[in-house]
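Novice: Sequence order for the protein chains is H and L.
Residue 393, in the working numbering, is where the first sequence stops; the numbers in between run on with no holes.
Residue 657, in the working numbering, is where the second sequence stops; the numbers in between run on with no holes.
Just so you know, these hints were derived from the structure itself, not from any lab.
Everything hinted at is true.
Label-pair ranges, simulated between beta-carbon atoms:
id	chain 1	residue 1	chain 2	residue 2	range
1	L	S651	H	A4	55 to 63 Å
2	L	S583	H	K186	35 to 43 Å
3	L	K400	H	R173	40 to 48 Å
4	L	P408	H	E390	53 to 61 Å
5	L	E594	H	V375	39 to 47 Å
6	H	Q380	L	G278	46 to 54 Å
7	H	R384	L	P408	46 to 54 Å
8	H	L143	L	S464	38 to 46 Å
DSSO-like cross-link-like pairs, simulated, lysine-lysine; straight-line CA separation at most 27 Å:
id	chain 1	residue 1	chain 2	residue 2
9	L	K476	L	K500
10	L	K388	H	K307
11	L	K400	H	K140
12	H	K140	L	K388
13	L	K467	L	K272
14	H	K140	L	K403
15	L	K272	L	K400
16	H	K307	L	K400
Just so it is clear, CB atoms sit at the ideal spot from N, CA and C, and this is done for glycine as well.
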Amino acid sequence: MNQERASEEKPYRRLETQALLQQIALRHGLEAMEASENGHLAWVTSGFPVEIPIALDMGVVYPEQAGAIVGAQKIGPEVCGYAENLGYSQDLCSYARASIGSTEKPDEVPIGSLPTPQLLLACNNICGTVLRWYDAISEMTGAPVFLLDTPPIDKVQLPHNQAYVRRGVERLIEFIESHFNRSLEDGRIREVAELSSRATKLWIRALEACKNKPSPLNCADRFLTMAPVVSSRGTEHCVEFYESFVAEVEERVKNGIGAIRDERVRLLWDNIPPWHTLRFFNILASRGVVFPADTYTHAWTGNMVGTDTLSIIDEVVETYSKVYLNMGLDAKVDKMCQLIKDYDLDGFVMFSVRSCKRYSLGQLVSKELVTERTGVPGVIIEGDMVDSRVYNEAQIETRVDALLEMLM
Amino acid sequence: MSYEGVIEQSIAGLKELLKSGEEIIGYIYPHVPLELFMAHGFTPSLVRALPGVASGFEESLQTFACSYIRNLYSQRANGQFLTLAGLLFPGNTCDSLQNLGDIWSVRFHDDRVLRLTYPVIRYNQDDSATKFLAEEIRLLSEKLSKLYNRPFLAENYDAAVDFVQEFHNGTQFLYSARVIQPEIISYSEVVRLVRTFLTIPTASSMSEIKETVSMVQNKADELGLSDSIETVQKAILSGDYTKVKLPDDLVSPRIVIAGGMVEPQAIASLMNEIPNFSESFIVLDLLSFGFKTVFTKSPTKSDDPFIAMAKSVLSAPGEPTHEGLSYRMNAMKDLLENLSIQGLIVCEQSFCDPDQFEAPSIEKAACELDVRTIRLPLDPELSDRGRIETRIQSFLETLE
Ligand code: SF4
Ligand code: SF4
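Chain H with its partners taken away, still in its complex shape (with noise of 0.2 Å):
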């Protein structure tokens, strides 16, 4: 009974399939290691066409999210700290250093340490530094790495840029048939291909139901859940998890219920979330406000369509290759433009992430295009994602405090 009175006080509200959640990462760590026992477990980046390595029957696992346990479990200064002792700057993706440190020292990080791979897939569409990264724990573990090429794009993607793409998709393919010694065949790559594109859709519904008022997801609800769609999408379970996942948005959304008890401002979030510090968006929720909307997860609404394994390659390569970080600046502006009037929101906070070059440089330029384009203010906080020691709770504090004067 107290129990339920001290959640009750709580400014926002947990979700029921957080506990789903759970045991996906469970089973997942579980199939992760066997699959790394059997000698087929593949690393992949967060923007990687998974649905290859999936249909070709590879164990894969997601050293990102790895990455954001270590933030999450406020170890992160310490994890980085072992990469940092083998001579990587403290100025480096803490993603990366984060993977590096519990490879080095995996008995130390018994939570956010992966199972040894044997394939290293990167694709750079996120960034340049993965590329970097990849070779560095291929150098540590011996694994290969596959770099699939993705050329950022302005707006469109021209013939040459698809091409390439496309040839790259293919000697992926090539790939892990010959060093894992198996083939692609049709009806499993559409079947991997129909189950992502559920997952996918499953999310993007969920998504949109935060366009809703009040919004059933706040930006951590929405950074937790994300993880299956990234890794697994392309599994059954992945399916499952998210038809729940709908079901409890979608019945919030009934009731009217929020993910936060008394909204009254709608924020837009742009960055990967400080991981050491979620308790951010909960401390805000104690004052109205919510983040009906961020640009990372909804990096993560690309959509096959395919039919027969052709055209599931051209659906890869233009899925791939245009995925928010992939884009320019003026592709960056507009999405965060038509979030902000798709989901009514009145402001917007960018993270600058240290960490993250790609995602961060050119935030000061877009964070003025935004506000002169939609009128609607935003604030730059700095810090880490999961490096909690470039991290000031006060600053930002107070950069928060002056944004919402200006909106409450």
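With chain H fixed as given, assemble chain L with the ligands onto it according to the hints.
Specialist: Leaving out everything else, chain L with the ligands in the frame of chain H:
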């Protein structure tokens, strides 16, 4: 000539060119098809970070942007840039430059910002990367024709291929000569010539290179070193060192400078300040504006020009986007071992992802060969210069 003197000289040269009516296209990433710009009647000029540039501009670039792009941005915002017909940014080489191009277009919207996007090649067994870059170069060519109404002229292109090839041959010879006998010509002088040519690739910059080459050639002939120099040049280009034979009386320590977009001239100037040591200990650099540009292969005339230029650009050795890490480390180890190197100075541009990611692997690779290393975080302003010099000095002393 001092570093500052060299900079002044090249700026004066550029101004003169502008006065004479030349149109200049600036570029930032060194591996561009110079021949393309020349074929369209432009003078390509490598725009670089400079010492003594007041920084700031936190309203546009965060403090964790690499010190190189911050310097470039500050130069432009301070009004230190000359009037350029266009400025070429690379795409897909590093995140900082990728984003700087976007920021530049917004902040300096009167500037003509051009973009050439590179493939990241990993020794794939097909020619898709070459084709991709060739098409990028062709599209850039089309853009140059349209924007400036200056068509690609085949005879200009042919002349440019010969001209740039002369630069490569000459500077490769000078680099190789120094490997055999570093005192034959000073490192500062070689990198000054390279710098001058890349800033103002004119006939007069070229004739200076030619004169120096012939002077060094004469010395080498007198000393009977010409064949060894040629073997070194071929070995570096092919990666096969089996025929290299170094003289028995090499002066030690022999040092190599590794790193990316660090200014060779700045390194030379640092070394010259160190008491009791001379820059002749530097046998070779592996820097982007030095070695990696010098040892790029020229386009072959038998190929289609765009394919030929793409192949040439992609042949730049040791670029992080061009080869996998293990390939690069093995190539570097071969070089260190076969050229009898005892020390490696690893320069890292502050907040440069490619440099900072690579440094631990370079250290490890060198350590396997018992080559001692020192890592030097640098910025173009050489802030902290005194401390850097002291660190280099202590490092050199450990090698004696
Ligand atoms: S640099 Fe940015 S996009 Fe790249 S892995 Fe790190 S956080 Fe992700
Ligand atoms: S110094 Fe490094 S990060 Fe900066 S532009 Fe050059 S390669 Fe990119």
